[in-house]
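Could you put the whole structure together from the sequences, leaning on the hints where they help?
Just so we're aligned, residue 0 is where the sequence shown starts under numbering that gives the first Met the number 0, counting upward by one.
Among the hints, erroneous ones may be present.
The calculated EDC-like cross-link candidates involving lysine to aspartate or glutamate, where the alpha carbons are at most 16 angstroms apart (straight line), are [to be verified]: (1) 40 - 27; (2) 13 - 36; (3) 28 - 48; (4) 63 - 48; (5) 37 - 27; (6) 37 - 12; (7) 63 - 36; (8) 13 - 44; (9) 9 - 27; (10) 13 - 73; (11) 40 - 12; (12) 13 - 42; (13) 13 - 48; (14) 9 - 42; (15) 9 - 36.
Hint data in this document are derived by calculation from the structure and do not stem from the laboratory.
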Amino acid sequence: MPDWAAVRLKQSEKPLLVVASGTNRINEKLIGQALGEKLGKADADFVHEHAGFVVGGVPSIGHKEPIVTLINEELLQYAEIWAVASTPSFHSRSRS
Numbered sequence: 000m001p002d003w004a005a006v007r008l009k010q011s012e013k014p015l016l017v018v019a020s021g022t023n024r025i026n027e028k029l030i031g032q033a034l035g036e037k038l039g040k041a042d043a044d045f046v047h048e049h050a051g052f053v054v055g056g057v058p059s060i061g062h063k064e065p066i067v068t069l070i071n072e073e074l075l076q077y078a079e080i081w082a083v084a085s086t087p088s089f090h091s092r093s094r095s
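Shown next as structure tokens:
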């Protein structure tokens with residue numbers, strides 16, 4: 000199961016969704032350096048405002064507005080990636 004993180008880009012105040020393989024930890028400092036912008040925590044109101052879902056229930060697709068999404072390249076080894084979010088019965092599948 001992938002690991003998800005919804006973060007806030009500090010300077011531009013834009014949301015960022017990061018998807019990593021379950022065996023990897025999300026390195027916010029490295030991502031910030033690659034993007035040239037510091038990352039901050041996305042609080043519940045920020046997540047709901049931009050994604051349209053509550054924290055803990057943000058799916059990988061179908062957000063209220065387009066959200067830049069970074070996907071760990073290790074996940075590309077799989078033909079399908081399954082994620083659970085939004086409700087206990089919601090499952091989404093992404094194909095590479």
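Hints versus structure:
With a C-alpha separation of about 10 angstroms, the suggested pairing of residue 40 with residue 27 holds against the 16 angstroms cut-off. In summary, the hint linking residue 13 to residue 36 is supported, as the alpha carbons are separated by about 11 angstroms, within the 16 angstroms threshold. Taking the CA atoms of residue 28 and residue 48, the gap is about 24 angstroms. The hint is violated against a cut of 16 angstroms. For the given pair, residue 63 sits about 8 angstroms from residue 48 by alpha-carbon distance, which is consistent with the 16 angstroms threshold.
Among the hinted pairs, residue 37 with residue 27 is consistent with the structure: their alpha-carbon atoms are about 8 angstroms apart, no more than 16 angstroms. Between the alpha carbons of residue 37 and residue 12 the distance comes to roughly 10 angstroms, so the proposed pair stays at or under 16 angstroms and holds. For the proposed pair residue 63 and residue 36, the alpha carbon gap of about 23 angstroms is over 16 angstroms, so the pair is violated. Between the alpha carbons of residue 13 and residue 44 the distance comes to roughly 13 angstroms, so the proposed pair stays at or under 16 angstroms and holds.
For the hint linking residue 9 to residue 27, the alpha-carbon distance of about 12 angstroms falls within 16 angstroms, and the restraint holds. Annotation: proposed proximity of residue 13 to residue 73 is violated, straight-line Cα distance about 25 angstroms (limit 16 angstroms). For the given pair, residue 40 sits about 11 angstroms from residue 12 by alpha-carbon distance, which is consistent with the 16 angstroms threshold. Restraint check for residue 13 and residue 42: satisfied, since their Cα atoms lie roughly 13 angstroms apart, inside the 16 angstroms limit.
The hinted pair formed by residue 13 and residue 48 meets the criterion: a straight-line CA distance of about 11 angstroms does not exceed 16 angstroms. This hinted pair checks out: residue 9 and residue 42 have alpha carbons roughly 12 angstroms apart, not beyond 16 angstroms. Of the supplied pair hints, the one linking residue 9 and residue 36 holds, its CA atoms being roughly 7 angstroms apart against a limit of 16 angstroms.
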